[in-house]
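We have chain A already, so just place chain B on it with the hints.
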Amino acid sequence: MLHIKDLTAEVDGKPILKGINLTVNAGEIHAVMGPNGSGKSTLASILAGRDGYEITGGSVMYQGKDLLDMPAEDRARDGVFLAFQYPVEIPGVSNIYLLKAAVNARRRHRGMQELDAMDFLSLVKEKVRFMEMDEKMLYRAVNEGFSGGEKKRNEILQMIMLEPTLALLDETDSGLDIDALKVVSKGVNSLRSPERAMILVTHYQRLLDYITPDYVHVLSAGRIIKSGGPELALELERQGYAWLTGDQKDAPSKGVAQ
Amino acid sequence: MSDVASQFYADEFERVESLLPGAGNIQLDDQRKKALEYFLAQGLPTTRQENWKYTSLAALEKKPLPLKREQDHVEPSLAEILEVAVLPQAEHRLVFVDGRFAPALSKHALAVGVRAGALSSRVADRPDEGLPLSSPNHCALVSLGLALSEDGLDLTIPAGVSIHSPILVMFVSASAGHSVFPASAIHLAEGARVTLVEQHIALHNESAFAQILTRVTLDQDADLTHVKLQVEGERTIHLADTEVDVAARAQYHSVVLALGASIGREDLRINLNASGAHADLDGAYLPRKRMHLDHHTTVRHVSPNCTSRQSYRGILDEAGRGVFNGRVVVEKDAQHTDAQQSNANLLLSENAEIDTKPQLEIFADDVKCSHGATVGQLDPAELFYLRSRGIDEAAARALVTFAFAARVLSSLESQEALYSSLRKALFTHLPGGSVLEDLSL
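Chains as they are written, first to last, in the numbering used here: chain A, 1 to 258; chain B, 1 to 441.
In case anyone wonders, no lab produced these hints; they're calculated from the structure.
Being a predicted model, the structure only gives us computed values, none of them experimental.
Built from N, CA and C at the ideal position, the CB exists for glycine as well.
Accuracy of the hints is not assured; some may be wrong.
DEER-style ranges, computed between Cβ atoms [to be verified]: (1) B/R15 <-> A/D116: 53 to 63 angstroms; (2) B/A79 <-> A/Q113: 26 to 36 angstroms; (3) A/D116 <-> B/T428: 44 to 54 angstroms.
In silico BS3-like cross-links for lysine-lysine, where the CA-CA straight-line distance does not exceed 30 angstroms [claimed, not checked]: (4) A/K65 <-> A/K226; (5) B/K63 <-> B/K34; (6) A/K151 <-> A/K125; (7) A/K136 <-> B/K63; (8) B/K424 <-> A/K125; (9) B/K289 <-> B/K357.
Only chain A is shown next, with the shape it has when bound in the complex (with noise of 0.2 angstroms):
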């Protein structure tokens, strides 16, 4: 489904990825794991299309096309879908809207019939209450005044809705108490299917306690230096990232111990 070769990125100059090499299948699960700077965000943000990388090398293949070549709203309407790390506040427009404009966009797309008032608002309700969310968040503005985790609830039932090809998920642990994470981790579950593939982006093991993973990777300075099954994480948790980067401050601190 998604074939990365030596992709090659900079920002404002820097390199920041320096040969990406990842296939992902349909029906699979990866994480990508590494420690801060590494270059895991920088990876997702460019798979979803935001502007400000240089692409300086290699190439992207999604269901055979161009990835690096479609503008965002084509990828996400082709099955891409990004649950951001920092979900952005929209004042003024509502969750409703959005929803019901993004699934639209994505059904006419694939040139399915859109959805009729009433069809589309006993649907997104069942995902609310699926994600243990308050309805009337969806006459809200979008994420405004939203907590950390109201916020990633709200990235989580966007992706029910869109029911995406290929979900990136950006640190959506972070910044979860736990049952928030348990509400997000069983959205994302509801999602596995043979036909989706899921790229996790996260620094810690404790999501993957949740969602396991088919495949972990280990980003380091731009480049996947490991790649194992998911006890490669619960390595990582037990030495940290120290063992594979050889770098000191990689080791596992108070704040990674559970």
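For chain B alone, kept in the frame of chain A given last:
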């Protein structure tokens, strides 16, 4: 009197004087003459005057327009009116065509005691009362309006009467090339409550001039929501002067949407005259092409314990130009005043311009006052967030722009039909707003 416009309007006055409502009554004739003399002495405002520094009326000075002659009157059909009405379903609708009341296009089912109709009838019936539009604020344009006004809205709501569905008042410019001077008197007696929706619209895109005068009196505990939708034609000069007196615990909510006209100017003065009076002013202006939209507000806190809040938002595109001058005066006795003011602007083009100036004049010592002005561009983070959800760039821009502007309508959210009509009016005038229709819920 060297200028063209002064001579022109002096001649016009001579021509129409005897046709004005109540003409022949000595007092009334005198009131009008004095007003004209004041105008002639002053002339049209120029950019040399501080209050008009950014807004030039040179176009009007060069090419003043006559009042309409009776034989030129063409009344639009009801269907035409309903097609352009912001609230076509309004139960109460009062229509003025080229400055004069049009009974055939109007209807209302208001409670007994409510007076809603033509000011010309009231003036003609009771000329001794004079024009109920006096203002201590001397200004050349106001004086010109007083002298030449043929008609306007006469609205009086008796004590304790609440009117639940909004009253739509349309000022329609049907024939091009004319000046109109509608003057309106609005009075809400003690505890009365109503929502008034004023729509100023042209059925043509040719030149026109409107000088609008509105005087509002709110007795104690009265509550007026006053919406003004200015959707004039591309070559209309629209100048409006509104003064509002607010008594104890009365509330005045103003929502002004300036979406049309080549030059639009709103002078809005609020006097909070007794304890507990409150004013809420929301406004949006959307100059684009070569439009020029100016808002001058003055909120005068005369008495203690009054509150005021102002929020004006500008969206400036192409070579559009905006002016915001918000003045808050807190007089010596007005202790415990709470006054807030904000002006936020979105510049969508390098050629657009905004001149914003908050003015606080505080003569009391125990007050809470704040003001702030911002000028910015669309936030790229917001745009990317929307695009990452499948919304194309043009729609994302329109949506963020719309959301920015639509906040001035939030106080009307509970009045569903009105709220959605105004939202629609707003997005059809927004840069790229047409794409939003597909997205509306």
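Verification of the hints:
1. B/R15 <-> A/D116: 53 to 63 angstroms: Holds - the Cβ-Cβ distance for B/R15 and A/D116, about 60 angstroms, lies within 53 to 63 angstroms.
2. B/A79 <-> A/Q113: 26 to 36 angstroms: 35 angstroms, holds
3. A/D116 <-> B/T428: 44 to 54 angstroms: 23 angstroms, violated
4. A/K65 <-> A/K226: 27 angstroms, holds
5. B/K63 <-> B/K34: 24 angstroms, holds
6. A/K151 <-> A/K125: 17 angstroms, holds
7. A/K136 <-> B/K63: This hinted pair is violated, its Cα atoms lying about 56 angstroms apart.
8. B/K424 <-> A/K125: 26 angstroms, holds
9. B/K289 <-> B/K357: 23 angstroms, holds
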